[in-house]
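Colleague: Same order as they appear, the protein sequences are chains R and D.
The first sequence begins at 1 in the working numbering and counts up one residue at a time.
The second sequence begins at 1 in the working numbering and counts up one residue at a time.
Bear in mind the hints are in silico, worked out from the structure with no lab data behind them.
A couple of the hints might just be wrong.
What the hints assert, rightly or not - Some, not all, of what chain R presents toward chain D, calculated at C-beta under 10 Å:
no.	residue
1	P12
2	V13
3	P17
4	S18
5	G89
6	G127
7	Y147
8	P148
9	G166
10	L180
11	R182
12	R185
Said to hold, decoys possible - BS3-like cross-link-like pairs, simulated, lysine-lysine; straight-line CA separation at most 30 Å:
no.	chain 1	residue 1	chain 2	residue 2
13	D	K63	R	K4
14	R	K179	D	K283
15	R	K109	R	K183
16	D	K30	D	K51
17	D	K140	R	K4
Glycine included, every Cβ here is placed at the ideal spot set by N, Cα and C.
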Amino acid sequence: MRFKHVFSIIGPVMVGPSSSHTAGAVRIGRVARQLLGRQPEEAEITLYGSFAETYSGHGTDLALVGGLLDFDADDERIPEAFAEAERLGLRFILKPGSAGTMPHPNFAKITARAGGLEVSVQGASIGGGNIEIYSLNGFDTGCSGYYPTIAISHEDRVGVLASITGTVSRSGLNIGFMKLSRKERSGAAMTVVESDRRPDEELLEALRQLPHVEKVSVIDVT
Amino acid sequence: MRFRTLNDIAEICREESLTISELMILEQEKETGQPKEEIVARMAGYYRVMKEAVRKGLETETKSRSGLVGGDGRKVNEYASVREPSVGDWAGKAMAYALSVSEVNASMGRIVATPTAGSCGIVPGVFVSSQERFGWVDGKLVQGLFSAGAIGYVIANNSFISGAEGGCQAEVGSAIGMAAGALVELRGGTPEQAVHAVGLALKNTLGLICDPVAGLVEVPCIVRNGLGAVNALAAADMAMAGVRSVIPSDEVIGVMLEIGAKMPSEHRETALGGLAQSPTGRKLTERIKAAKSSERTSG
C-alpha cells in the first residue's frame, strides 16, 4: 500500500500552496539543517526540474530556506523566511541547476555551512509533502524521511557497522531500515539508520564515542 | 488495514455494526500502535486548522503569490448574505467556505491537505457549513474526518490522489467523493449509502484534467474546489434518497485509474495543455514569468 494510514490522506497540516512544491521543500531544507546540527551561516540551493520552473509561484524558495531555519511544514513564518534568514544571519544563494537528467522532477541540492563544517543534501519531493533523500554529504543514502533517522559519518573500517548496530540494539531501538555507503575503500563512509521512534541523547552520545565515528546527526522531519 | 475496497468497508461495517469512522479509528490504532485518544486528538487539531482557514479566508485579504486570484470566497459569502443564492443558502455557504480555504492555500496560509493542498477546500467547505447548519459539536465533525479518510485511503491505494499522476479527477474528484461519503454518515445514512455517494460523486469528475495556469495551484483549482463542495452535497443527497451507483463505486475508482493512466502528460499538472495553454492562460503565464524575472534582477 502506497498510503499507509488515515493521516497520509487527511494531512499534513501545511502552509500552502502545494504539498509537493512547498511542504516537501520545507522538509528537504530541514534535512540539511539537521544534518549540520546547527543554524547554517551560508547555504547554496540548486533547484532542478519543476522546482526550477515554478519555484517562485509556489514559494519553493521560501520553503527551502524556511527548512534551513528548522521551520516545520506548517510554520506560518515560511512566507517571511527570507527576512527571518537575514535576521538570523543565514546568507544563501538560490540558483537553477542545468537541465539534465535528475532522478525526479522535483529535485533540490543544498550545501550548508557553519563554523567550519559543511554538509550537502540531495532530495526529491515525491508528493503529498513526502520526500526522498537521495544523498547526504555525497553518500548515496536512499532513505525516505518517513521515520526518525540517525546519520553517522565514520571511517570505512572492519567492525564499525557491528559496533553501531550493537549500540543501537542495546538502547532498545528497533532498526526499520539501514544503509552503509562509502566513497572508496578504507575512506570515508556514512551509515543511515531509520527507526520507529526518535533516538534519545544517551544513544547518540554512545554512538559518538565509538571508534572511527566522526559525526552523528538525527534527521526527523516527520 | 482490514479493508482494501469500499465494498470491504460496507461489509465489515454491516457485519460488525460499525460506522465507517469507527472502523477507520480501529484500523488506525492497529496500524500505528497509538491509542484512540491520541489519534482522535490529532484529528481534532486538524479540524481546528480547517475552521481557522475558513475564517481567515473570509475575514482577511487573501491574494495569491502570483496576484491572479483572491477574495472570491468573501465575494460569494457577501453575495449570499444579500441575495438568495440560486443553489440555496447552505450550498452557497459550502461554496464560499471551500473557495476561502483554497485561497488561503494559494496565499501561503495554513491548511490541511485533504487529500492534497490543491483540493484542500472541499472537505472543510462541506464540514464547516454543515456544522453551522445542523448545530453539530466539533467532535462529530472530527469523527466524520475519519470516514472521509477511510474513503480517501481506498481511492489513493487503488487509483491516485495527485494531479501529476491522474489529473484533477484524482485530486478534486477524490475530495468530493470523500466529502460526500462522510456527509452521508454525518447525517445518519448507512455505510452502504455512503459508499454509493462516493461512486455517484466520482462519476461526475471522471476524466477531469489537471491544467493549472503557469503551473500554480490557483486557476482553475480554486473555482473547482468551490464547485466541488456543492457537488459533494448533491451526491450525498442522492445517496440518502436511495439513489444507487449502478456501476459499483469500486469499479468507478478502477475507471479513474484507467483514465488517469491514459491521460496525456500535457493534462497532468505540467501546464502544457488545457486551460494553461488557452490564449489567456499563455498570456498570464508570460506575465507571471516576466514579473518573476524582474523580481530576480532587482533583488
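Colleague: Now look at each hint and say whether the structure bears it out.
Modeller: A quick look at each hint next to the structure:
Look at P12 of chain R: its Cβ gets to within about 6 Å of chain D, closer than 10 Å, so that hint holds up. Taking 10 Å as the C-beta contact cut-off toward chain D, the hint placing V13 of chain R at the interface holds, the least distance being around 5 Å. Taking 10 Å as the C-beta cut-off, the interface hint given for P17 of chain R holds, the closest approach to chain D being about 4 Å. The interface hint given for S18 of chain R is met, as the beta carbon of that residue sits about 5 Å from the closest beta carbon of chain D, less than 10 Å.
Taken as an interface hint, G89 of chain R does not check out: its beta carbon lies about 19 Å from the nearest beta carbon of chain D, beyond 10 Å. The closest approach between the C-beta of G127 of chain R and any C-beta of chain D is roughly 5 Å, which is under the 10 Å cut-off, so the hint is satisfied. Residue-level restraint check for Y147 of chain R is violated (minimum Cβ-Cβ distance to chain D is 12 Å; threshold 10 Å). Using the Cβ-Cβ criterion of 10 Å, the hint placing P148 of chain R at the interface with chain D is not satisfied: the shortest such distance is roughly 15 Å.
At a threshold of 10 Å, the smallest CB-CB gap from G166 of chain R to chain D is about 26 Å, leaving the interface hint violated. With its C-beta approaching chain D no nearer than about 28 Å, L180 of chain R sits outside the 10 Å limit, and its interface hint is violated. Annotation: R182 of chain R was flagged as interfacial toward chain D, and the flag is violated, the nearest CB pair being 35 Å apart, outside 10 Å. For R185 of chain R, the interface hint is violated, since its Cβ never comes within 10 Å of a Cβ in chain D; the closest pair sits about 41 Å apart.
Between K63 of chain D and K4 of chain R the alpha-carbon distance is near 35 Å, which puts this suggested pair outside the 30 Å criterion. Simply put, K179 of chain R and K283 of chain D have alpha-carbon atoms about 49 Å apart, too far for the 30 Å limit, and the pair is violated. For the hint linking K109 of chain R to K183 of chain R, the alpha-carbon distance of about 19 Å falls within 30 Å, and the restraint holds. Of the pairs offered as hints, the one joining K30 of chain D and K51 of chain D holds, with about 29 Å between alpha carbons and a cut-off of 30 Å not exceeded.
Proximity of K140 of chain D to K4 of chain R is assessed by CA-CA distance (about 24 Å); at most 30 Å being required, the pair is judged to hold.
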